[in-house]
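Engineer: Chain by chain, the residues:
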Amino acid sequence: MEAIKATFFQECEELLADLEAGLLALEGGDTDPETVNAVFRAVHSVKGGAGAFGLEQLVRFAHVFETTLDHLRARELEQTAHVLKVMLRAADLLADLVRAAQSQGHVDDARCQALADELVALSGDRPAESAPDAASGADDFLDDDFGFKPLQVAFAEPGADVGDDLAGDEPGLTDWVIKFRPLATLYLKANDPALVLRELERLGALEVGLEQADLPLLDDLDPEGAYLAWTLNLRTSASEADIREAFEFVDGDCDLEVVAVANPFADEPEETPAAFPASSDVELDVMALIQRAQAEVASSDGVEISEPAAVAAIAPASPAPAPAATPAVKAADPAVKAADPAAAAPVTTTIRVDLDRVDRLINLVGELVINQAMLSQRVIEAGLVRSSNVALGLDDLEQLTREIQDSVMAIRAQPVKSVFQRMPRLIREIAAATGKQVRLVTEGEGTEVDKTVIERLTDPITHMIRNAIDHGLEKPADRVAAGKPAEGVVKLSAFHRSGRIVIEITDDGAGIDRQRVRDKAVEKGLIAPEAVLTDEETDNLLFMPGFSTASAISDISGRGVGMDVVKRSVQGLGGRITIASRPGEGSTFTLSLPLTLAVLDGMVVTVDGHTLVAPLTAVIETLQPKAATVRSLGPSGMVVAVRDAFVPLIDIGATLGFRSTPIDPCSGVALLVENDVGGHAALLVDAIQGQRQVVIKSLESNYQQVDGIAAATILGDGRVALILDVDAIIANRRPETASGAAPAPAPEPTPPLLATAS
Amino acid sequence: MSRTVLTVDDSRTMRDMLHMALTDAGFRVLQAVDGVHGLEMLETDDAPDVIITDINMPRLDGFGFIEGVRQDARHRATPILVLTTESDSAKKNRAREAGATGWIVKPFNPEKLVEAVRRVAA
Chain V
0 MEAIKATFFQ ECEELLADLE AGLLALEGGD TDPETVNAVF RAVHSVKGGA
50 GAFGLEQLVR FAHVFETTLD HLRARELEQT AHVLKVMLRA ADLLADLVRA
100 AQSQGHVDDA RCQALADELV ALSGDRPAES APDAASGADD FLDDDFGFKP
150 LQVAFAEPGA DVGDDLAGDE PGLTDWVIKF RPLATLYLKA NDPALVLREL
200 ERLGALEVGL EQADLPLLDD LDPEGAYLAW TLNLRTSASE ADIREAFEFV
250 DGDCDLEVVA VANPFADEPE ETPAAFPASS DVELDVMALI QRAQAEVASS
300 DGVEISEPAA VAAIAPASPA PAPAATPAVK AADPAVKAAD PAAAAPVTTT
350 IRVDLDRVDR LINLVGELVI NQAMLSQRVI EAGLVRSSNV ALGLDDLEQL
400 TREIQDSVMA IRAQPVKSVF QRMPRLIREI AAATGKQVRL VTEGEGTEVD
450 KTVIERLTDP ITHMIRNAID HGLEKPADRV AAGKPAEGVV KLSAFHRSGR
500 IVIEITDDGA GIDRQRVRDK AVEKGLIAPE AVLTDEETDN LLFMPGFSTA
550 SAISDISGRG VGMDVVKRSV QGLGGRITIA SRPGEGSTFT LSLPLTLAVL
600 DGMVVTVDGH TLVAPLTAVI ETLQPKAATV RSLGPSGMVV AVRDAFVPLI
650 DIGATLGFRS TPIDPCSGVA LLVENDVGGH AALLVDAIQG QRQVVIKSLE
700 SNYQQVDGIA AATILGDGRV ALILDVDAII ANRRPETASG AAPAPAPEPT
750 PPLLATAS
Chain R
0 MSRTVLTVDD SRTMRDMLHM ALTDAGFRVL QAVDGVHGLE MLETDDAPDV
50 IITDINMPRL DGFGFIEGVR QDARHRATPI LVLTTESDSA KKNRAREAGA
100 TGWIVKPFNP EKLVEAVRRV AA
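Each protein sequence line maps, in turn, to chains V and R. Going by numbering that gives the first Met the number 0, the residue at position 163 of the first sequence is 162; the numbering climbs one at a time, nothing skipped. Going by numbering that gives the first Met the number 0, the residue at position 71 of the second sequence is 70; the numbering climbs one at a time, nothing skipped.
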């Protein structure tokens, strides 16, 4: 049962996603009836499952929601923008309720009630005020009475539990005479009078009398006609409602009369059936008839009559005289059956796999990659030539390993849709809280990225969207005054670029007020008042710890979490974040992240005897600095001329604390790297070992975060190598040269023994 | 010989619940995800003794499915139970018009479900 519950919640996630997608499509002008149907089905299925698990609050709300959707589906309710807005909010609440149910939590009843009232009000046909009086009325739930408990009513008919009229006393038995005449339609629905009689028999002592007077001669017999009727004497303590319940499925397809024999001295039920032929006679007659019929059929080629339908029509006759025997045999039947789970599973093209298994597989493939690298190294050490069979075989193995790795990573890759899907709701909430009008446009939802990255994307994106609406977009009145439409647009897009996933959040708001940002930064002592900053540098002040431009801290984005936290968490993913802003036109925040957190194409370099890895994606080219191209800048700074431009030359060894004095640039090799700000730098290393795919091992989880170092890896020879955080290295250097202030914390000295310690 | 029940429901949760309740009671269970799939399953030789179907389904809903079953001479006499909620008295009637034998009220418990199946299948 727990497993099914887990399935239910899993399914709920999908249904809720479908629900929201459907509603958004409707909002976007989709008029396909199937879209409404799908939306309806989603809510209906949530309700169905919730009912099964007794999740009352969820059932109640889903029911109200479903009813309104039903009206929409039947076109009784017009598909207006307002209607859809309410429904979207209802979908949000439904999602909350599902989540609450999942974590045993609770959602405020008042909130449900308020939204339920709104939904009911949409339909308009039943005002909420009339709910209490109407509640006792009709046969079904009352949509507007939210306090109504719809569960576990099940089979009981209205009035079933009203005091059992004649059988009031505990042992009180009542005799009932029941006249039951099936109509032809009863058989068409595959109902079987014998089964109805069997039901009745469970209520008490039953005597069955068959009326076969209407049975025509064989020539006139319609194989699908109904000719038989029964008169039944039942002695039972059950109420009339209970008796009628046995006929529930055939109600309307038979003539039924249930009469209590209020005769205190009718102790002998034998009296009553005397009016009808004794059952043994009936049996003989019917059997004879059937035999005759079968004989005729057999001899006259009457193929149609032997079809199953004909059997259905004739069959009732045979068990009728002896219904008592049938249930006894059949009741035991299901109990002894061996379960045969060889049920044909629905044809699907996807399977569900526990994420742990995939993670384990990915870890193993990571080990395989390391192992294969080690093997290659051993082969080289053994002095085997590149053309030897062993080396050639290893090349194939390397190729294969890489393909396996790609395929395995693809298993865990997911479209960013799952993150984007949460945003419409967020936007609605923030829009409502800020009084701004916002439309979300998404692009590239199908862009795939590793699941581990996806999971950690939500928070930064959420925060940046909050920021875009809260700080970026203007109030509707201001927008109109500025000649823009009152409704602001926030665009969220994702795409792949050079082995990374790029996510852009663009608003068409006022853009960054650079003067204000600057004043604020000076006021907070983040920069010197006389510092000269480029626009880009000013914009980047937003990412500094302790910076907040909102004069009054709003509850939307001013939650103590600044953009600096966003930046740090993005960097923790090996990503970068940049801002581009045009005054009056809006801002664009760009996130660039690796597709996976598991492997990396790296350039392996040597620095002061240590092996380090630079992410290949960051490296544009390598160059050999010449004395003529290197210039000193200030006491310790150096620049190198790369074609027509000078870029800062950073000695990795000195930056990371491996050595105190920079080496002679001409004795090393420089890696020309680029960060997302578009900034270039040349990283000076002693030598390049080569390019290699490395498996990323988190430094934070095994040791602690080290500035300038993104992660670690295990090399083919079994040694640990640190992976450089190129952005951090460039960033740590930039402000010093640009403004003279030191906003970033001073790089922690990296103990050289780290390489062996971790 | 164990009796076979074909369940037709688009909700995985519901299919799982039906499957569990019915196999526990000794039935063999076939599953279909919607009306079209259900009709396809009936094309095979493995004919069910009882069919349980949901109403709201994509591609082909319960009503259409029931009509389809009843049009097939081989399955005209197969009992069909409809999964429904109380509020759907109109649906109940429509299902009956389409040829449903009986119904199971959601939410159901396993006993109630098995009871309903036994009620239409000897």
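Since the hints were made in silico from the structure, they are not lab data. C-beta atoms are modelled at their ideal positions from N, C-alpha and C, and glycine is treated no differently. Incorrect hints may appear among the rest.
Claimed, not checked - Short derived list, chain V residues pointing at chain R, Cβ under 8 Å:
| id | residue |
| --- | --- |
| 1 | Ile3 |
| 2 | Arg40 |
| 3 | Ala237 |
| 4 | Arg243 |
| 5 | Phe246 |
| 6 | Phe248 |
Engineer: Using the nearest Cβ pair, does V/Phe246 come within less than 8 Å of chain R?
Structural biologist: Hint on V/Phe246: violated, closest Cβ of chain R at ~11 Å, above 8 Å.
Engineer: Are V/Arg40 and chain R close enough, Cβ to Cβ, to be under 8 Å, as the hint says?
Structural biologist: holds, 5 Å
Engineer: Answer holds if the nearest beta-carbon of chain R is closer than 8 Å to that of V/Arg243; otherwise answer violated.
Structural biologist: violated, 14 Å
Engineer: Checking hints one by one. Is V/Ile3 an interface residue toward chain R, by the C-beta closer than 8 Å rule?
Structural biologist: holds, 5 Å
Engineer: Quick one, is the V/Phe248 hint okay against chain R at 8 Å, beta carbons?
Structural biologist: holds, 4 Å
Engineer: Would the hint on V/Ala237 stand, with a C-beta cut-off of 8 Å toward chain R?
Structural biologist: violated, 16 Å
Hint check: violations occur at hints 3, 4 and 5; the rest are consistent with the structure.
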